[in-house]
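Turn these sequences into a full structure, and let the hints guide you.
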Amino acid sequence: MKRWAEVQAWRDRLRALSPDVGLSPEGARVALDAALDALDDVPRHLGRPAPGHTVIVCASTVFTASIEWAAVLLARGGRVTLKAPRAHAAWFAEVAACTDLPILSTTDRDVLQDADCLVVMGSDATLDAIRSQLGPRQRLLGFGHRYSLTWWSDPDQADAVALDLALHDGRGCMSPLGVFSPLPDAVELLSHAMERLQARLPRGDVAPMEGAGIRSRAALARVLGQAVDAPDWSVHALPAARFPEPGLPRAAVVHPADRATFEAAVHTHLPKLSTVATDAPATLEGVRGVRVCAPGEMQRPPLDRLHDGVDWLREL
Amino acid sequence: MSREALSAAIREVVQGDLAALDDVLLRVHAWQHANDPVLRALIAEPATRVDAIPAVPVALFRELDVGTVRPDEPHQAFHTSGTTVGRPGIHRMRDTALYDLGCRTHAARWLPSTTQTFGLMADSPHSSLAHMVRDFADRTGPVRFLISDTLDLEALSAIDAPTFVCATAFALDAWLQASPRPLPSGSCIMVTGGFKGRVHALEADALLDAAAALAPVLLEYGMTELSSQLWARHGEPYTPPPWLRVTAVEPTTGAALPPGVPGQLRFLDLCNLDGTLHVETLDEGVVHADGRVTLHGRLPDAPARGCSLAVEDLL
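These protein sequences, in sequence, are chains A and B. Residue numbering for the first sequence follows our numbering, beginning at 1 and increasing consecutively. Residue numbering for the second sequence follows our numbering, beginning at 1 and increasing consecutively.
Just so you know, the hints here were simulated from the structure itself, not pulled from any lab data. These numbers come from a predicted model, not from an experiment. Backbone N, C-alpha and C fix where the C-beta goes; we use that ideal spot for every residue, glycine too. Please note: incorrect hints may appear among the correct ones.
Incomplete in silico selection of chain A near chain B, CB under 7 Å [claimed, not checked]:
| id | residue |
| --- | --- |
| 1 | V206 |
| 2 | P208 |
| 3 | G211 |
| 4 | R215 |
| 5 | S216 |
| 6 | L220 |
| 7 | R222 |
| 8 | G225 |
| 9 | V228 |
| 10 | P302 |
| 11 | L303 |
So this is what it looks like as structure tokens:
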């Protein structure tokens, strides 16, 4: 427990940072707070020994994803190195520098060779490439590409659905790639919610290809469904059979659907799902191996959860 | 106007009556609007100004039947290449007469007079590039395609007469790996296609410089979704034909950019009678004040989405 207290002190120092990671300052703040709030709870299995040295390979998109892993490993007495993406090296350096716990940050890929354990969230090709280079005593905890979706049937949940779409500007694997809804005015309701949210949490940077992709999908939605586009957010209605569409910043995809269609989508995509949000939990009775939560909670994962179907606190 | 009348009007523009360009563009657009449900979904009423003709994103060609030709009508179809998932982008035309006319007319000032033509690409009835190269035969000599499963390096090493070698960038790279000797005087190498593949990117300048040591190099830029092409000499911007208007737009908003400012490229191609006039690419470039175009390649992308990392980040 002593180490956990030190981790919580680290958490408090992290709260004081101002991440410059391509999101708006407001968006980065809310995303960081969501990740740090999870450290309020004492995780299970805290007494388990950590691997001696764990390298967490950090993605540049969800800049907070590595924090919970590092926190648990440090609390268990391990040593952690964050292999930072060059794009956000400064942020990860700050994360490591604001504590006396044994955590470092580097962009040097050679650090992978020094790890007893590697934690990697990446594409299947990335994981295969790393697996092929593992030493005989190295352990890999790899998580391949996953995506998420939402069932939205209560109009009053529009703001919560929009928040899930907005955090990390829709780039996380816990961001919903599709919002399945039987609401006849789902596009209008969600558009109003996206507009309200934009005022509070402005969208961050958008790459040229992403901007072009949003306009291209808007054109597709005009042909196949419906499109509402504002300068900093979009809502595109497309047939449910098109799930999953690529994730684009603040560009929601609504799939008009009844409950049976949603449930069929969950079962079809189950092996690739990270998180399912629903405002009607009964819709997912019997579904195992995926994290289920309420709208608005998708990107606030508690420590005690299935991560891509894995009880990570037990496996780590 | 009927399709036949529009086709005749386009021919006149291509053959030099450029004063009628805007008028014919609007007439073609109105006809396409009446015959293409995709276009009608993008703009409720036909545009009355040329700059208001909607640009159809290239991605839609993979998703929808873009254009005025129904799949069950007799037609010639060109397909995009490099697709591993889903269907290719398809450009359907009732016949290739306008494609061929535009292609020959603009290429005439660039093409060499050679005795044979080698295509460093696969021959396919659905390849617009192969179709174009085949169409050059009157000027550049009989055509042989040298890629089936592999590149026929033996045929290339045996070249002993002025030859027009038409190569995709990656096929050219494969040929240059074999350290070929310079081609006979009068030969010419045409290079087309992007330099960024799914596995690796090529150093364009180094590749073209190496090719230029073998023979003079021409660059061609075309797309399956277009009927007209741009040409350039190595080291110079691409020149579009006078009936093809190129604009650069700001990728996030689609707003037109002034000459000289890099942006996402759109092509308004009068010869796209059966398809759709205005096509928005995912390429970045600069449109110069004289209408010529410098290509920069694909638009810059964001990092992989989700928590994913690219292999290149690690290895």
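Hint by hint, here is what the structure shows:
1. V206: holds (6 Å)
2. P208: holds (4 Å)
3. G211: holds (3 Å)
4. R215: holds (6 Å)
5. S216: Where the cut-off is 7 Å and the nearest Cβ of chain B is about 4 Å from A:S216, the hint holds.
6. L220: holds (6 Å)
7. R222: holds (5 Å)
8. G225: At about 10 Å, which exceeds the 7 Å cut-off, the nearest Cβ of chain B leaves the hint on A:G225 violated.
9. V228: Nearest chain B Cβ about 15 Å off; hint violated.
10. P302: violated (17 Å)
11. L303: violated (17 Å)
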